[in-house]
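Q: Residue numbers (my numbering), protein chains in the order written: chain A, 1 to 174; chain B, 1 to 101.
Everything labelled a hint here was simulated from the structure, so no lab data went into it.
Being a predicted model, the structure only gives us computed values, none of them experimental.
Certain hints may be false.
Claimed, not checked - Computed from the model, here is a short list of chain B residues facing chain A with C-beta under 8 Å:
#1 2
#2 25
#3 94
#4 96
Stated by the list, open to error - Computed footprint of chain A on chain B, listed as stretches where at least three residues anywhere in the stretch have a Cβ under 8 Å from a Cβ of chain A:
#5 4-13
#6 50-63
#7 66-74
Note that beta-carbon positions come from the ideal geometry of N, C-alpha and C, so glycine has one too.
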Amino acid sequence: MLEITPNTIAFLVFALLSVGGALGVVVSTNLIHGALFLIVSLFGGAGLFVLLAAPFMAAVQILVYIGAIAILIIFAVMLTRSMTSLSEIFNRQWWISAIVAVVMLGLLLVGAILPVWGPSGTNAMLPVSDAVGTTVDLGIALVDGNQFVLPFEVASLLLTAAMIGAIVIARDNE
Amino acid sequence: MVVQTESFVMLSIVLFVLGAMGVLLRRNAIMVFMSIELMLNAANLALVAFARYWGNETGQLFVFFVITVAAAEVAVGLALIVAIFRSKRSINIDELHEMKG
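Construct the entire structure; sequences and hints are all you get.
A: Printed below as a string of structure tokens:
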């Protein structure tokens, strides 16, 4: 299915990083290790974004996800003093959850892959055009009145609200 | 040769299900949180893959907003977890059952 080209090799490496990191998050017994596996997985995702001609998204992924979110999670791990190795990592309903997860995988594969790329599908796998949006296009779309200026402003409002909310919730009310 | 979109979508499905497994299976609330980030990241991957497929940057803008919402969600969610830890001295989700009907 996959020919050996530099692109496919890079894809396999980054896919391995993402999936390996995700597996590490799901099964690790140490929360700090889990957070580090999360960083590995997100880094793999950033590499995949580069392969998909989205370098700006890769940069945002590294800056926001790895630089801010992962560090915030590590802070929370330390604040809750829960980094000691966990003896029991799965909750009480783990067997129901496992069944649900397997069924979800099956449904997603059947629902998303078969109709489009199955034997009777259109078999269109490669990008339909070579046009690639540049970072300039993204920037213009974010401030263009006909495109995404309203979601952009709402996002800034959401971030402000989240910041105030986080301060209010986590404050020590003595 | 560029990699087929199919490969990216399959990888996205695998990552999403791994994240869902983490959300459903793990006992520690912070691990559940990390798994939610994995699920969001899987959805982002599919969005960027389709943006590349159609040669249209709208998918990338969606990813931009998803990342914004994820940042907001992490800030509030971790604050909640810390607050819960302060009041109950535990963030084990099996012990958080006050709202059980």
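Q: Any hints this thing doesn't respect? Which numbers, in order?
A: Number 4 only.
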